[in-house]
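Number of protein chains: 2
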Amino acid sequence: MSLEAAVHAQAIELIRITMDMCAAAGSGHPTTSMSVSHLTTVLMFHTMRWSPDYPNYPTSDRLVLSEGHAVPIVYSAAAKLGVQIGKDTGKRRRLTIEDLKRFRDIGSELEGHPNPVEGFAFFDAATGSLGQGLSVAAGLAEAARLDGLDRRIYCIIGDGESREGQITEALDFIVDRRLKNVLPIFNCNEYGQADRVSAQQSPERIAARLEALGFDVRSIDGHHPGQIIAAFEAFANTTKVQGGKPMAVVARTVKGWGAPSLQGNGWHGKPPTGDALKRAFTELDERRVELTSALASSDAFTIQPPPEMPTRERSEGDVPPLGDTMRAMDMESVLHAGRLATRRAYGIALRALGHANPDVVVLDADVSNSTFADIFKKDPALADRFVECKIAEQNMFSAAAGMGLAGKIPFVSTFAKFVSRGYDQIEMAIYSGANLKIVGSHAGVTLAADGPSQMGLQDVAFFRAFTRVKDHRGNPLCYVLQPADAYAAYALAGVMAEYEGTCYMRTLRNDTEFIYSDKQVFNLGGFEVLSKGRDVVLCAAGYMVHEANTALELLDKAGVSATLVDLYSLPFDTDKLLDLINENEGNVVTIEDNFGGGIGSAVAEALAESGDPFKLRQLNVARMPKSGRTPEDVLAYLGLTANDVVKATMQHLGV
Amino acid sequence: MSLEAAVHAQAIELIRITMDMCAAAGSGHPTTSMSVSHLTTVLMFHTMRWSPDYPNYPTSDRLVLSEGHAVPIVYSAAAKLGVQIGKDTGKRRRLTIEDLKRFRDIGSELEGHPNPVEGFAFFDAATGSLGQGLSVAAGLAEAARLDGLDRRIYCIIGDGESREGQITEALDFIVDRRLKNVLPIFNCNEYGQADRVSAQQSPERIAARLEALGFDVRSIDGHHPGQIIAAFEAFANTTKVQGGKPMAVVARTVKGWGAPSLQGNGWHGKPPTGDALKRAFTELDERRVELTSALASSDAFTIQPPPEMPTRERSEGDVPPLGDTMRAMDMESVLHAGRLATRRAYGIALRALGHANPDVVVLDADVSNSTFADIFKKDPALADRFVECKIAEQNMFSAAAGMGLAGKIPFVSTFAKFVSRGYDQIEMAIYSGANLKIVGSHAGVTLAADGPSQMGLQDVAFFRAFTRVKDHRGNPLCYVLQPADAYAAYALAGVMAEYEGTCYMRTLRNDTEFIYSDKQVFNLGGFEVLSKGRDVVLCAAGYMVHEANTALELLDKAGVSATLVDLYSLPFDTDKLLDLINENEGNVVTIEDNFGGGIGSAVAEALAESGDPFKLRQLNVARMPKSGRTPEDVLAYLGLTANDVVKATMQHLGV
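As you go down the protein sequences, you meet chains R and E in turn.
Take our numbering: the last position of the first sequence gets the number 660, and nothing is skipped along the way.
Take our numbering: the last position of the second sequence gets the number 660, and nothing is skipped along the way.
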C-alpha cells in the first residue's frame, strides 16, 4: 500500500474511533477532529520524531493542539500507537482503545481538552482557551534553541481561532526571534462554533496576512497526504539551513471530512449518535473504498524516535547575598543610602540568579528599563537568555509557559497592570503545571502620577484566588509575594527560582527604606513580625509596611501598643497569625494599596473560620484612585496614609 | 499665513506648552507627544467637527488616543482652545494654560493618561493600557452607524503598541462590520519605551499588514501638514460613499520632533528640565523660523461645529414577565417542565429587552448558540443590533465599552472562562465609567465534561474586587450577579439593563429547577432567604443553591434546622445577613462552584468586621477540577455535593 493510501486508511480509522469515543462520552467535537484527521495522522504516524513509550521525552518533536477541542483525534492516534499515559509518572501504562470509552469521565486521563497534568503527557500544555497554543509552541521552540536541541514544534491552529489577536502576536514573535523550528499549521475548515468563520479568516486572507508578516507560506489541501507530507518535509528542510523566513502552512480542510451528513453548520461540539452515527460510518466506508486499495495498517508507518538526550554539564552556583551582589556592581553607595526600589532589587536578583543557574531566562514586554529586567539583558553573559517580547503580553506569558514546560525557569515581568492582559494565559499556564515567575512592577496606587490605567489594583485579588487551590502536587496553584524592601525582593526572587511552580511577585516603582538585611530568611507561606505589641496587629505588605510602620510609632505615642506584621506571602501560616492576633486582644487592621480581595480578605477568612471573637478593620483602595504627583498625595486622597491608619486603628479600638 | 505654516506654528506652540507642562509635573511623555503634534493639531484645530464648548456633544467627531501617554499634547491643544472641563457637568469651566501647571496633580482634572471620569470629557474612554483604543473607536463607530449619525472617529495608535494582538482584532472587526467611519492612524515614531520598535512594526510592515487585512492604506509623513490634511480629506470622502474598503493612515513621525537633542532612545517618559529644556526650546525656535513665515495664531483655523443632535423618538416599552415572554415564544411546555438553564433565560431576556428598549445591543464571540444570545440575533427586528465579534474577546469588550459610552446598553456574552481574555479591557471600561452588561456562561465547575479550560473559576474573585470600590457616582465599580434559576436570570438581566454601570452575571450550562416565579423581585445588592431555620445559615449562589437546598432537606432529617440564603448579588446587604446569622447561632456555611475569593470571602469579611463570635465554614473549589461526564461527578470529585455540604455542616456544628 502506498503511503498516501495508508494515511487515508489510518485517518479514516481514527475518525471512526473518534466518533465512537465522542458518542460514548455524549460530548466532544468529532467534526473538528475530522478536519485535522490527515494532518494528525501524518504528524503522529510519520513526520514527528518521537516515541509513544516516552511521550514527553525532552528531545522529541512536539505537537501543540491550539484548537484543543480537536483532541479526540489525538487520543485516537495515541490509543492506536499505545502511548504511555498516567498521572503518576512511575505508574504509566499504554493507552488502549478500550480506555477511549472513558473519554471525559471523572476517572479518566482523557480530558475534554488537552491537559497534561491529568496524565496525558503527550501534550506539554493545557489548551482549549483559544489562541494560545502558538505562543506556547514558540516558547518550546525558543527553549530548544537555547538548549541547542534539534526539536521541531508543530502547532495546529483553527481558522476561527486565528482571529484571536494573540496568534498575530505569536507570529510576530516567531519572526522577531527567527524561530524556524516551529511550524504554525492553520486548519481552515471554514466553520466556527456558532457560524461560518469570517472572510477575514479565509485561507486566502490568512495566507496574505502571513506573507505580510514575513512568513514563507505553503497553502495545501489538508486532506491530501502527499501535499501534507511535502509541506512538512519542506519545513524540515528549512530548519536545516541558516537564515531565510520561517514557514507556515495554510491547510484547507473540511469540518466533518469523510461524512457529508455531518458537514456544514450545526455539528460543532455535538457527537452524532444512533442513526446519524450509522449514516456517518456508512459514508466513511465509502470514502475508504474510494481512497484506499487495501486494509489499513499502521505497519505502513515508521515513527522515527527522538535522539538521545545529550548529557548536560550543569553547574549550578550559589546566589550571593544582595550586599555582595551590589558591591560587585559598584552599587556600594546605594547600599549605604539605605533605600532602593524593590523593582531594582528584582533586576539585580535576576542577574545573580542568571549567573547561578543556566536555566533562568527572562522575558519582558518593552518595559525592561522600568521593571529593571534590563540589568539581566545588559549583561553580555546573560543577554542570550533575555527574551524581548515587545508590547504583546499575552504572547509573552504563554511563551514563558512553553519555556517553563521545556525545563527553563522563566521570570516574566511587566507593569502589574499589564500582567492583567495575560490573565487568561496565566491561568492556562497554571493549569498546565507551568513554572512561571511573574513579576508585576509599579504595583498599587503609589505609582501615583501615571494614574489608574498603569496601577495594579485588582491583581492581589485575582492571584489570591489561586492560592487556596491545590495543584496536582498538592501545592497552592500560586503564591503571591509582596516584598517591602530590596532585601525582601532580592531574596524572594531567589525563593521563586528555587520553587517549582507559579508565583506572582509585586514590585514597587518608588524607593523604599531597608527593613531587612541579608540575614533575613524569607519563605513561601511565611510572614515576619517586625514589631511586637499588645493591643492590635497591623498587617501590611509591600509599600504599606512602611506606612504601617510610621503609624506604629504614632500609635505608640498615643499609648497604643501595636504589633506589625509584614504579610509578604499569600497563603501564609494562618494558625501562627491567629495566635498573634489572640495575643493582641483579637484586634487586627489590614492595610493595602490595592482593591479589596487581597490580604484583608485572607485575614478575614482566617478570623471567620476560627470562630473566635476577633475584630478586623480593612483599609484598602475603596474609591477610584487618580493621578497625583507623589505617593503620599494619592494615599491621602484614598485615606491610606500613616495618619489614616492611626485614625482607623484608634477608632477600631474605641480609644 | 498658509494653512500649512499655521499647522507648523501651532504644532510647535503645543510642543512648547507640553514641555512646560511635563517639566512642571516632573513626569509625562513629551517626546511621544511631539511625534503626534501635527496630527493632533490638524485633527483638533481643523479636521474634526466638534465644539470646545461641548467636548462630548453626541454628534461630535471623536478622537480616541490609544497611546494614552501622548495625552499632554491634547491637553495643550485643549487649553489653547479653551475646552470645557470639570467632573461636575453642571460646573464646567474653560481649560486654561495656567491649569496645565497642575498636570498630574491630585487636584487636577488632567490625569497622567486619558480619563474622562475625572473631568476631561473630550475623551470618551480611559486609555493607557495599550492596544485598546481602536476597539473603543470601532464601538463608537458602530453606535454611530446604528444611530444614523454622521460621526467620524479618529484613533491614534502607537507603532510599538500595534504589536498588541487586540489591534489586529479591531482591524478585523472594522472590516467585518464595514465601519468606514473610523480611521486608524498609526503613529510610526520608531521608538518604544525600552528600545526601538521591532522591524515587524515598521511603517512598511504595518502598511503591508493593513493591506492584507483589507484596508485602503495611505502612508504619509506625519509632520507634513499638507499630507495629513489630504489624508483626512480622503477619509472624509470615503465615508460619503457606499461600499469600498475602510481606510487607514500610516504616518511616519519623529519621536521628539522639533528637538533633535531629545530624539533617539532614552527620552520616553522623561521630561527635559533645566538646560536640556532650554536647548530643546532653542531647537524648536529654529524649526519655527524655518517652517513658518509669521507668528502663529489659532485664528488661522476654523473648527466646524458638530451638527445639532437630531431629536430621537424613543419609545421604551415594558418588559413582560418571563412566563408571558415564553408563552409568546411557544415555550409553554418548557415553562411547565419546571427546569431551564439560566443561560437560556438570559437569551430570552435579551429578546424581551431588545424589543422594549431600542438602546439594547448584544455582542457575542462566536458562541451565541451556547450563551443563547442567538435568540436575540435570530429575531429579525433585533438582528441589526446584534454584533458578532467572532473569536476575539478583547476587541469585543472594548468595542462594547465604546458602544456603551455612546449611549447604548451593551450586553456582552461569552463563556465565563473566556471573559477572562478581556479582564484588562473590562477594567479599563469600568474606569471609563462604561455601562457594560457582561454575561459569563458555563460558569463554574458544573460545566463538567469540557474540563477546566472552559470553566469560569476565578471570575467571582476577580469581579468581587470591584464590588467594594466606589465609582465617580458613588456606586460600586461592578455588581456580580449569580442567578440560581431562569426567573432570576431573566429578572436580573432586566435589572442590569435598568442600571447605569457595569455588572457581571454568571449563567449556567445545565438546566436548573425553578425556585422563583415572575412575582419575585430581584435587586442589585439584595439576597433572598429561601428557607428560614435556627441552627445555621447556608449561603450559596447559582447552581450551588440547588445543592444547598438538597442539603437543607437532608439536614432537616438529621435534626438540623438550616436557613438557606440565595446570595445572588455582590455586594449585598451585610447588616441584614449578619442579623440572619445571629438568629442562627452565629453559624454560617458558604457553598461555591468556583475558587475562593468569592461569596465565602465576602461573608468572611462581614463576619470579621463585625467582631462577633461568628463561625464560618467555606466550601469551594479547593483542588484543580477536571472533566467529568455530569455535574454531580465533578462536584463529588471536589467535595461539593449536597452530601458534602451536609457532612461539612454537621462537622461545623459539632453534631
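Be careful, since some hints might not be right.
You can't tell identical chains apart in this list, so a pair holds if it fits in one copy or across any two.
The list that follows gives simulated cross-link-like pairs (lysine-lysine, DSS-like), each with its CA atoms no further than 30 Å apart [said to hold, decoys possible]:
| no. | residue 1 | residue 2 |
| --- | --- | --- |
| 1 | Lys-537 | Lys-620 |
| 2 | Lys-283 | Lys-250 |
| 3 | Lys-652 | Lys-106 |
| 4 | Lys-620 | Lys-92 |
| 5 | Lys-250 | Lys-620 |
| 6 | Lys-652 | Lys-581 |
| 7 | Lys-652 | Lys-475 |
These aren't lab readings, by the way, just hints derived from the structure by calculation.
The structure presented is a predicted model; accordingly, all values stated were derived computationally and were not measured.
Hint-by-hint comparison with the structure:
Taking the shortest alpha-carbon separations for Lys-537 and Lys-620, both the intra-copy value of 18 Å and the inter-copy value of 27 Å come in at or below 30 Å. When the C-alpha separation of Lys-283 and Lys-250 is checked against a cutoff of 30 Å, the pair qualifies neither within a copy, at 46 Å, nor between copies, at 47 Å. For the identical chains of this complex, Lys-652 and Lys-106 are neighbours neither inside a copy (65 Å) nor across copies (33 Å), given an alpha-carbon limit of 30 Å. Neither within a single protomer nor between protomers do Lys-620 and Lys-92 lie at most 30 Å apart by alpha-carbon distance, with minima of 44 Å and 37 Å respectively.
In the homo-oligomer, the alpha carbons of Lys-250 and Lys-620 never lie at most 30 Å apart, since the shortest distance is 64 Å inside one protomer and 64 Å across protomers. Taking identical chains as interchangeable, the C-alpha atoms of Lys-652 and Lys-581 lie at most 30 Å apart whether they share a chain (27 Å) or sit on different chains (27 Å). Only between protomers do Lys-652 and Lys-475 lie at most 30 Å apart by alpha-carbon distance; the minimum there is 21 Å, versus 39 Å within a single protomer.
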